[in-house]
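A.B. asks: Each chain, letter by letter, is given below.
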Amino acid sequence: MNATELAAAVRSGERSAVEVVEEHLSRIDAREGELHAFNLVMADDARAAAAQIDAAVARGEDPGPLAGVPVALKDNMCTRGLPTTCSSKILDGWKPPYDATVVTRLRDAGAVFVGKTNLDEFAMGSSTENSAFGPTRNPHDPSRVPGGSSGGSAAAVAADFAALSLGSDTGGSIRQPAALCGVVGVKPTYGAVSRYGLIAFASSLDQIGPFATTVADAALALEVIWGHDPLDSTSIGSVPSAIESPLAVLDRGVEGLRVGIVDEITLAEGIAPEVRAAVEAAGLALESAGASVEHVSVPSAEYGLSAYYLIAPAEASSNLARYDGVRYGLRVDGETVEQMNAATRDCGFGAEVKRRIMLGTYALSTGYYDAYYGTAQRVRTLIIRDFERAYERFDVLLGATSPTVAFELGARTADPLAMYLSDVCTVPSNLSGDPAMSVPFGADAAGLPIGVQVLAPALQEATMFRVAAAIEAAKGSAS
Amino acid sequence: MSEPGARITRAEVTHVARLARLALTDDEADSLTRELGVILDNAARVSALDTAGVPPTAHPVPLVNVLRADVPKPCLDRDEVLSQAPAVEDGRFLVPRILGEEP
Chain A
1 MNATELAAAV RSGERSAVEV VEEHLSRIDA REGELHAFNL VMADDARAAA
51 AQIDAAVARG EDPGPLAGVP VALKDNMCTR GLPTTCSSKI LDGWKPPYDA
101 TVVTRLRDAG AVFVGKTNLD EFAMGSSTEN SAFGPTRNPH DPSRVPGGSS
151 GGSAAAVAAD FAALSLGSDT GGSIRQPAAL CGVVGVKPTY GAVSRYGLIA
201 FASSLDQIGP FATTVADAAL ALEVIWGHDP LDSTSIGSVP SAIESPLAVL
251 DRGVEGLRVG IVDEITLAEG IAPEVRAAVE AAGLALESAG ASVEHVSVPS
301 AEYGLSAYYL IAPAEASSNL ARYDGVRYGL RVDGETVEQM NAATRDCGFG
351 AEVKRRIMLG TYALSTGYYD AYYGTAQRVR TLIIRDFERA YERFDVLLGA
401 TSPTVAFELG ARTADPLAMY LSDVCTVPSN LSGDPAMSVP FGADAAGLPI
451 GVQVLAPALQ EATMFRVAAA IEAAKGSAS
Chain B
1 MSEPGARITR AEVTHVARLA RLALTDDEAD SLTRELGVIL DNAARVSALD
51 TAGVPPTAHP VPLVNVLRAD VPKPCLDRDE VLSQAPAVED GRFLVPRILG
101 EEP
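Taken in sequence, the protein lines are chains A and B. Take the first sequence: its position 123, counted from the start at 1, is 123 in the numbering used here, and no numbers get skipped. Take the second sequence: its position 6, counted from the start at 1, is 6 in the numbering used here, and no numbers get skipped.
Simulated from the structure, these hints should not be mistaken for lab results. Just to be clear, a hint being listed does not mean it is correct.
What the hints assert, rightly or not - Just the calculated beta-carbon pair ranges, DEER-fashion:
#1 A/E269 / B/A58: 26 to 36 Å
#2 B/V61 / A/R258: 37 to 47 Å
#3 B/V71 / A/G290: 52 to 62 Å
#4 B/L67 / A/A446: 26 to 36 Å
#5 B/P56 / A/S292: 27 to 37 Å
#6 A/G447 / B/R78: 47 to 57 Å
#7 A/A321 / B/E89: 20 to 30 Å
#8 A/Y369 / B/R78: 30 to 40 Å
#9 B/V71 / A/S292: 24 to 34 Å
#10 A/L231 / B/A58: 15 to 25 Å
#11 B/V88 / A/D263: 56 to 66 Å
#12 B/L67 / A/G447: 48 to 58 Å
It should be emphasised that the depicted structure is a prediction, and the values quoted were computed from it without experimental measurement. Quick reminder that beta carbons are idealized off the backbone N, C-alpha and C, glycines included.
Turn these sequences into a full structure, and let the hints guide you.
C.D. replies: Right under this line is the structure:
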């Protein structure tokens with residue numbers, strides 16, 4: 001049963017939330033040892049929360065739109081009194097004194113949390129191999145990565161450990177693992193979902209979004225978590241009151257919509273032929289459903305990855321300055337404060353996090369600031385302008401999510417740049433702030449899932465979901 | 001124009017590590033010099049675009065200063081916060097001596 005069906009069954013009293021959560025916990029018992037999707041399984045808390053949902057239903061109350069739905073949270077979202085590690089040794093054992101806003105909203109909607117999921121340390125990576133607690137494996141083929149950085153959240157939904165999960169997407173960290181694990185993954189418009197309690201990586205790019213097995217489930221989850229939050233100063237005041245509900249328009253079809261296939265994220269070098277074929281096939285499916293489909297160029301998107309790998313590390317180097325051994329987490333002793341800070345950080349951070357802190361600190365340092373960070377920010381403006389130009393002619397854009405299907409563990413760990421290239425199709429939407437989502441569409445010859453990416457202008461999630469629903473309905477047969 | 005992979009020297013890596021408060025080992029400094037050189041070659045592609053006169057974007061949505069009403073409200077519980085710190089004394093965070101200060 002998917003999340004929509006589970007919530008309906010629990011709300012109507014047809015199924016008990018306790019029974020639903022037990023089913024998911026038993027699947028976790030059976031396969032978690034192999035997959036390692038979780039840093040923490042919250043079995044007892046989940047059973048207690050489910051019992052409360054059942055009690056509410058018995059009293060004739062409505063527990064909410066996610067009544068009894070098992071949900072997994074990426075372990076960079078704060079849960080009061082429960083470990084929140086970012087898969088880093090530097091936060092091992094830390095228990096936040098507050099809940100993230102998304103956690104509160106999900107709980108208030110009746111969701112039952114089953115665990116905190118593994119990620120690349122501080123969400124920096126594309127394979128979930130950069131976790132201090134070991135990698136997560138892809139449920140479709142455990143010799144392969146689930147993608148990243150939200151690999152645990154993607155794997156948890158793909159393995160049906162949870163009906164829904166949340167991830168965070170700074171350069172593709174929801175969409176790319178969704179593609180590799182064969183599930184739906186959504187990066188909403190920047191500012192649509194509160195970042196309060198999301199441990200910051202790159203604040204102008206980070207956005208929380210859902211993983212689900214269906215487009216409708218993803219819309220259901222998004223409408224629970226989004227909306228203005230006074231605790232996040234970048235939260236958009238007009239969400240959701242002034243924008244259309246994706247759930248309300250899912251079955252409206254795509255007749256008359258104008259769809260552009262973006263050359264730079266479909267045809268570029270390094271994008272596998274079967275992935276290109278899936279994007280073209282999705283385009284054809286939309287055409288048969290009544291949309292008009294054409295190719296379009298978003299020229300500066302080609303420079304997105306280079307700009308991203310200056311902007312994101314620059315912001316990260318500033319955000320991660322707070323891990324200094326003073327207020328939380330690990331401390332390695334030193335004679336002076338500065339020695340204590342430097343020893344703590346060298347011991348607590350993994351190799352990729354150090355690499356990005358170094359890259360960002362360098363890009364912001366005297367003498368290099370304008371050449372690197374400044375130029376990247378101007379390129380960001382060009383990318384925004386190119387998307388605006390494309391959206392004058394098209395309602396939504398289409399492209400690949402990941403250049404390839406899931407790769408073998410270890411295949412890209414020795415070459416940081418090869419790993420960074422995993423994000424080439426997804427970073428442009430983070431730089432522009434626009435929404436984008438990945439929908440499973442077809443598989444390669446070995447049966448590994450392929451994801452197609454749907455992109456839309458800011459706050460046009462409703463149109464994006466309509467197109468995603470049409471792609472889902474066309475049932476990918478691209479292989 | 002630098003040699004491929006040679007945009008950053010080992011001395012610069014050591015300097016940046018100091019700025020970033022990272023006590024790198026010699027091995028880490030060696031491999032970072034090599035890796036950052038390759039990554040910066042790719043990043044430097046941004047200079048291929050003509051960005052003269054283009055304003056920088058720091059943030060994807062237009063931001064105005066956001067102020068809340070000036071009304072007191074509860075904040076995090078001090079004891080709960082301090083319970084998560086590595087060292088505390090008298091309701092405050094405890095740190096080693098500041099550089100140059102007499103013990």
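A.B. asks: Would you mind marking each hint as holding or not holding in the structure?
C.D. replies: Hints versus structure:
In this structure the supplied range 26 to 36 Å holds for A/E269 paired with B/A58, their Cβ-Cβ distance being about 31 Å. Roughly 25 Å separates the CB atoms of B/V61 and A/R258, a value that falls outside the hinted 37 to 47 Å. Taking 52 to 62 Å as the suggested C-beta distance range, the pair B/V71 and A/G290 conforms, at roughly 53 Å. Checked against the hint of 26 to 36 Å, the C-beta distance between B/L67 and A/A446 comes to roughly 56 Å, which is inconsistent with it.
As the Cβ distance of B/P56 to A/S292 is approximately 36 Å, the hint placing it in 27 to 37 Å holds. At about 55 Å, the beta-carbon gap between A/G447 and B/R78 stays in the expected band of 47 to 57 Å. The hint said 20 to 30 Å for the Cβ distance between A/A321 and B/E89, and at roughly 24 Å that hint holds. At roughly 38 Å, the beta-carbon separation of A/Y369 and B/R78 lies within the given 30 to 40 Å, and the hint holds.
Evaluation of the 24 to 34 Å hint for B/V71 and A/S292 yields a failure: the beta carbon distance comes to about 53 Å. Checked against the given bound of 15 to 25 Å, the beta carbons of A/L231 and B/A58, roughly 22 Å apart, stay inside it. Between B/V88 and A/D263 the beta carbons are some 57 Å apart, a value that agrees with the proposed interval 56 to 66 Å. A hinted range of 48 to 58 Å for the beta carbons of B/L67 and A/G447 is consistent with their spacing of about 55 Å.
Comparing the model with each numbered hint stated earlier shows that hints 2, 4 and 9 do not hold.
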